[in-house]
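Fit chains V and E to the supplied structure of chain B, relying on the hints for placement.
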Amino acid sequence: MYAIKVRQFRKRYGDLEAVRGIQFEVEPGELFGIIGPDGAGKTTLLRALCTLLLPDDGEILINGLNTRHHVADIRQIIGYMPQRFSLYQDLTVEQNLNFFADLFQVPEDERRARLEQLYRFSRLGPFKKRAAGALSGGMKQKLALSCALIHTPDILILDEPTFGVDPVSRQEFWDILRDIQRQGTTIVVSTAYMEEADLCDRVMLFHQGRILALDQPSALKAQYRFPLYRIEADHLPEMQTYFAGLSGVRFIQRFGDSLHVSFTREPGDDLWQTARDQGLQRFERIAPSIEDIFMDLTTREEHESVEH
Amino acid sequence: MNISVQTRNLTRRFGRFTAVDRVTLDVYEGEIFGFLGANGAGKTTLIRMLTGLLKPTEGEAQVAGFDVWGQSEAIKRRIGYMSQRFSLYEDLTAEENLTFYGGIYGLRRDQIEQRKAILFEHVGLQPFAGQMTRDLPLGFKQRLALACALLHDPPIVFLDEPTSGVDPKARRSFWNLIYQTAQLGKTLFVTTHFMDEAEYCHRVGIMHMGRMIAVGPPGQLKRQYDKSTMQEVFIALHQSSEEAA
Amino acid sequence: MNASLKRVVAIARKEFLHIIHDPRSLVVIFVLPIFQLTMFGYALNMEIKNVDLAVLDYSRSPISWQLVQTFEGSPFFHVQYFDGQPDELERLFLQRKARAALIIHPDFGRDFHRQPATPVQLIIDAVDPNAATLIRNYSLQVIAEFNRRFGGEIRLPFDVEKAIWFNPDLKSAYFFVPGLLALILIMLCTLLTSVTITREKEMGTMEQILVSPVKPREIIIGKVIPYIVISMTIGVLILSIGIVLFGVPFRGSYVLLALFSSIYIITALSMGLMISTIARTQQVAMMMAQIATLLPTIILSGFIFPLSSMPRPLQWVSNIIPAKYYLKIVRGIMLKGNTFSQLIEPAGVLLVMTLLLFLIARRRFSMHLEG
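Protein chains in written order, with my numbering: chain B, 1028 to 1335; chain V, 319 to 563; chain E, 680 to 1050.
Derived by calculation from the structure, the hints in this document are not laboratory data. Hints may contain errors.
[Claimed, not checked] Part of the chain B face toward chain E, derived, beta carbon under 8 Å:
1) L1092
2) H1096
3) A1099
4) I1105
5) Y1107
6) L1130
Idealized CB from N, CA, C, for every residue including glycine.
Chain B with its partners taken away, still in its complex shape (with noise of 0.2 Å):
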């Protein structure tokens, strides 16, 4: 049985439609990342998931259970950290701990250990009494995890939790999220950068309500079959004029002190060589990023649109 299942799930707000008929599932024990854009649709998804939102058409199954008729079962089996910061600023950490204890009636004699095991992973110990609202970005993230994790879920949904977060916290933030999925917990996770998409097992590239891609992210990259170079060069603009005039370029992008250029196919040695003469410093063949996936799933779709 799958974690989660969807089938045909739309979900329209007014004239807009968020989420455009989408199918897909999700085994359990995985991390599953959703990748897209601001508004994407990623938060009305993941809403929908965690049966706040319900369906304008088609069926959302969590674990076999059907979010129209089992709301509160749902409810009691996964964890939800929404987008914004969603805990009681004025209450200390232990207190909003306790208090979602309560809520989820985690029983007394569970209780302590499984507080401990919760302050042992996010290192909030030693913050037990401090409010909430005084904590930094990194450690209210986890503690919103915390409050999310505390009764046990078997699953677990993150709408963009590193959102604002330093790369430092980030990283750790990550580590935590890998922890708990040893732990066999299924978690779905949405985030708008896309270079987390390579820390996930499987990722759904999701855009305008829309899934683009969906498979692991090394078989994304692999799926790429356009020779991806970065170029450093004397003088990049002129370097650029250079390559926007070769036939066989797909697309250049200039990245800070280098250039990216994607070819159509292979370039030969006699390209290289003339380019040096045109000030070229150094090139190497790079893999492309989920960056470089998504940007061409979005230009082929548009093309695909204006033919037909």
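Relative to chain B, chains V and E alone:
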């Protein structure tokens, strides 16, 4: 190349806490310089001193040729600022937003009209001039926010997480716009803690506990620390300076 | 304890923590009613003291002197003798040197012992009709006392109306303390609860607790409990001040008042809850709570303006004002010493209102985040 911003041992303390610790930096005209750092690393305090909002405790800094100690008003007129959550009025049209910013910078009517025409061209917003700002797609709001920051033709512009959350296509085209802006000779400062945004900067400065622990082009830093992404560079630097401290 | 009760307790405990963590608001919650009560108490004071009374004593007899002394002895009047013609009195009134005049006829001394009823004339400045009525009533009191002491019978050119039963001293505190109790309780309770749910919506915390197994009615009940406690405390505070500071009597049963007050408090809390399910922001909720409570209670509950003299449509509207029924209860218990069976009707109406409001709030409180 002309120096646009120069600091020498720039320091700011709040009580016993040193928010910015002896930062020495030269940034050149036409450069896109990224400030990277965790929350509380000192980015915000440094930017506030460079924009004339906060006096330093020690050290020196010149911004666009003016001294932060005594000429903060002159500095304010020569900088533009674009915040993360673009300070646009959603219920005004794109054009009305621009006119408003022209007004608060004290531009004359004809100057505003002239700059508006140039900027609409520059950021590619002509077809949307009369549209309500709230109806613009995110990518275009960003362009409008940049246009507002550039309206009074400042030589230096500060951008705070300018492309967080937008889709990759809009992000890349916005960065192309930033490169074009830099080619006009403007200096652009970008503060961010998105490492993928940092990859777009000409040079980045990584801050930790108030100190500038590394400065250089992203490509060079990646080679130097033998990492494939700025994220990894950042974490490696962070760890080594934690151990040192 | 069953699961549902445990969750209610969890919500209530958390709500208490919010209150404790914000001591400034707590102080405001308690100080405000005291402030309002004393302010209203003195501003709304309908008693008039030291009314300047011009006395034209043409009788100049020992008994007329006694009459004037009785007026002088009352705290309501300040007596000034006036020698002159009655038509010159008008000037006194115009100059505000007198607000009332007592004219004692030359034959008063003789007639007092002969006639069954001896007239004296009382002229009252009626620019302020309320004050005029009060002055007339005070005079009646003074004269009644005089008659008791001297066995005579002075007739004023007014009919002696029936006595004012439950407020023999004509103290306005007796009216405004119950009225303020009703007003402050409904304002505060509605405001507090209307803000509590909208705050969670605004902060995004509602999203987090909605994904737990907690049921809407558990959230609602849990949230209301702390405010019942606070409101009851405030009620006791207002009553104590009323009794101690303003000398309002308490003739009925404290237990009965506590019982009926809790119904009224829950009515107000339910109204706040209903508002909080409609309003999206705390600001809107606060405004709605104000509009729903302040003016309707002041104007349409019979607190200050008698309902019987209002136009019919307003009288109908007054039937949906909870304070109208609560006023009947409080005045009934405090001033008349009414018993349970005498107040079953207004209490019943309040109970029905509460149930209705609560059901609407419960219906509108969605388990989902729609819209």
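Status of each hint after checking the structure:
1. L1092: Check failed: Cβ of L1092/B comes no nearer than 14 Å to chain E, outside 8 Å.
2. H1096: Violated - the Cβ of H1096/B stays beyond 8 Å from chain E, reaching only about 13 Å at its closest.
3. A1099: holds (6 Å)
4. I1105: holds (7 Å)
5. Y1107: holds (4 Å)
6. L1130: Interface hint status for L1130/B: holds (4 Å vs cutoff 8 Å).
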